[in-house]
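Working from the sequences, and respecting the hints, build out all of it.
There are 2 protein chains.
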Amino acid sequence: MTICDSFVGWSAWEVLKPTSLTNTTWTSCLGTKVSAVLKHCYHRRLAVVPQAGNTGLVGGSVPVHDEIVLSIKKITSTFLFDDNSGVLDCDAGFILEDADVRLAKDGFMVPIDLGAKGSCLIGGITATNAGGIRLIRYGSMHSHVLGMEVVIPDKHGTVLKLGSNLRKDNTDLHLHKLFVGSEGQLGVITRIQMQTVPKPNSVQSAFLGVHSFKQCLAILRTAKQMLNEILSSFEFIDGETMQMVEQNAGLRGPLSVNSVFPFYLLIETSGTESVHDLAKMDQFLDKCIDNELAADGVLAKNVSEAEHLWKIRENCSLGLRQDGYVFKHDLSLPLEHFYELTEQIRERLCGTNARRVCTFGHLGDGNAHLNVTTPKFDEGVYQRLYPFIYEWVVSKGGSISAEHGIGRLKREYHHKLLDPQRRMFSSNIKRLFDPRMILSPYKMID
Amino acid sequence: MTICDSFVGWSAWEVLKPTSLTNTTWTSCLGTKVSAVLKHCYHRRLAVVPQAGNTGLVGGSVPVHDEIVLSIKKITSTFLFDDNSGVLDCDAGFILEDADVRLAKDGFMVPIDLGAKGSCLIGGITATNAGGIRLIRYGSMHSHVLGMEVVIPDKHGTVLKLGSNLRKDNTDLHLHKLFVGSEGQLGVITRIQMQTVPKPNSVQSAFLGVHSFKQCLAILRTAKQMLNEILSSFEFIDGETMQMVEQNAGLRGPLSVNSVFPFYLLIETSGTESVHDLAKMDQFLDKCIDNELAADGVLAKNVSEAEHLWKIRENCSLGLRQDGYVFKHDLSLPLEHFYELTEQIRERLCGTNARRVCTFGHLGDGNAHLNVTTPKFDEGVYQRLYPFIYEWVVSKGGSISAEHGIGRLKREYHHKLLDPQRRMFSSNIKRLFDPRMILSPYKMID
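First to last, the sequence lines map onto chains H and S.
Oh and the first sequence: position 130 is 168 in this note's numbering, straight run, nothing missing.
Oh and the second sequence: position 310 is 348 in this note's numbering, straight run, nothing missing.
In case anyone wonders, no lab produced these hints; they're calculated from the structure.
Don't take each hint at face value.
It does not matter which identical chain is meant; a pair holds if it fits inside one copy or across any two.
[Stated by the list, open to error] No more than 27 angstroms apart at the CA atoms, straight line, and that leaves these computed lysine-lysine pairs for DSS-like:
| hint | residue 1 | residue 2 |
| --- | --- | --- |
| 1 | LYS193 | LYS454 |
| 2 | LYS252 | LYS143 |
| 3 | LYS468 | LYS193 |
| 4 | LYS252 | LYS237 |
| 5 | LYS143 | LYS325 |
In structure tokens:
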């Protein structure tokens, strides 16, 4: 049962406009309704899964047994924007793309951008600390979330106002930061105050073909130095992924016909002045070619060419899906080990039913999406992959979840790998907010 | 007693280099020593105040009664920098400026910059979530801290490794964020992993004279639009503060002789390409003058002129100190109310012994340093100021502490103003980490 949808007239409920966000007596009407639901569930010991856009890839917002799904989709009454400070104060149910369209009228945007922007919700990207393609420039949700309203699954269904709508506020513990990336373990986020950024006037996109991974890293260093403040994306696609995109998604790479490379990079800048940005991008590309870091490259001449480059990147996942069953991964790795794992897994899966081992991802942030395809689910490949892959990642100082979170899928490995002392502190914090452990059970924290 | 100084050879202790930061069995030797101290204090119920550079302005690192001062000044064995990722992994005792000098060799810098950089420590700016003059560009310490080692004042003196040295890591609750800005209430931070940023090649500084506060806000909006990605500081000085700087610090303003303005702005950009940045700054200044937003302005022609402009800004506090006793404030205010309070307080103190009511600060972040001077401490002025000023700030949706924290000084008002429910959650979280309430007592959390 989806509780939210079962209420008649939910979307018509009015929200009291706060006279002041730090006025502690103020609570939104929608917060009050969520409070009533959580209070009821507390007293009846009913398990609850908060659900935003349900676009997550680790099953975090999906019920495991008989949990009640508490959708926040219709919590969309309040949308206040202050164009002096650039601070957005909105309900958690707004779709990221819709929020962006509204902000664009004032020349601003949400700093986070990801493939699911058309269906993921502001509340969901906060609860999962979503990453995406512009993190290298703007940072994660921790850099943007200033405050929130959150409903606690305790005996009162307590509604807490944490943080504020101020860019600088050093009063009390920064409790709102605890809810960023908490995956619905501690409470239900119903409203968010966040910093937005001015929308860039000039966006430049380039696509490079590269012979070695070492050269990819040298190009990243060069981009950080030469593009610095305008660098907004640094994406990586290996040759095998590219082949899948061309074959299965029917998209042609933009580089010279017949030239095939083991690595490709999609680099984007965002700035205020296209003449300046183009000059910087030209100098950067010249340096990459002159120093023989990149073998080939193109700069998108217009919006439609840039869109084509991003279409290639966005179709990496889709292209692989058509290759059969996909063992997907979302890993964070120190850059020197970023591609080493792909090579290791290729060796390890030699002689099995694995079709392809390939990686794409956000190289600028050390985030590798390593994928293994097989004709159909294959127990032999599964056994060769796990727990080897996660243990290898941890042994190199990496993370088994860069941006997708733990949810249901990575729960087992997460529990095995986490320091027991730290796990105890996490559990105790959960118990503080969720004394009957009714919120998002069977997932990140048991 | 300062515990750290009483240990012989502390600075000579070696630190084990971790093979992996997420290797949960690893603990630095210094962390182990701090652990022994806290464990001892737990069992003997001795109160402890962790102290970093002791540069705070609210008495957070000063003992109130008979607490033991645990200095982290000598925790300076490890300084590891990865120039691929730009991640710094260092002990908490490094002085901010010293860390910056080391990073400069690789072309990087700590994103945070503040007046006390010559004596504040990396551990201290993390524990207080320090702000400073570049926050408008790079965000607060929450945007930069990726992980930390922290020692908990429990019966084991538990050493926790929280977060990691990875830019993207969505595993477990983001507990390290709870320690940023916690003012030593939960544990002692002994080591930090943080994102640094490439050092800019080009820095441009301008100083403007402005007739009205409304025009100051219009200039801020224009700067955000036109300077956007290179805007790194937007500082505000009112006429009365400027007069004090000229009189008491012996510094001359850079604008035309005989021109006196009610407001001054110091605006700085940081970027990679001086030709581009100068062109942007020129266009921006032209727009400010042509649209009659600014009445007068200069652009620093060289480093020494820029240094002079910053000397004026840095001497605001000093200039006022020589005017007598100073009632200082560190307020966050929605921009539309930023200067209203100064005018209100001027009216309110009419007929008292107050000499001056003036404000300078980080307008770009809504952070007002409002100051009231009197010949010597004045009870009448005190009574007219408090609690009025804090209640006014809160009624407008502001914060009584923007960047300085609560410490000892703002404790009373903080406790009065905070929502009791939220206060209870903060207290319970403190109790979780600090069961005997021995760490930093009589301050933010009672």
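These are the hints, each one checked on the structure:
Taking the closest pair of Cα atoms, LYS193 and LYS454 come within 27 angstroms of each other only across two copies (25 angstroms); inside a single copy the shortest separation is 32 angstroms, beyond that limit. Taking the closest pair of Cα atoms, LYS252 and LYS143 come within 27 angstroms of each other only across two copies (22 angstroms); inside a single copy the shortest separation is 43 angstroms, beyond that limit. In this assembly of identical chains, the alpha carbons of LYS468 and LYS193 lie at most 27 angstroms apart whether taken from the same copy (15 angstroms) or from different copies (21 angstroms). In this assembly of identical chains, the alpha carbons of LYS252 and LYS237 lie at most 27 angstroms apart only when taken from different copies (24 angstroms versus 33 angstroms within one copy).
Taking the shortest alpha-carbon separations for LYS143 and LYS325, only the inter-copy value of 22 angstroms comes in at or below 27 angstroms, while the best intra-copy value is 38 angstroms.
The structure agrees with every numbered hint stated previously.
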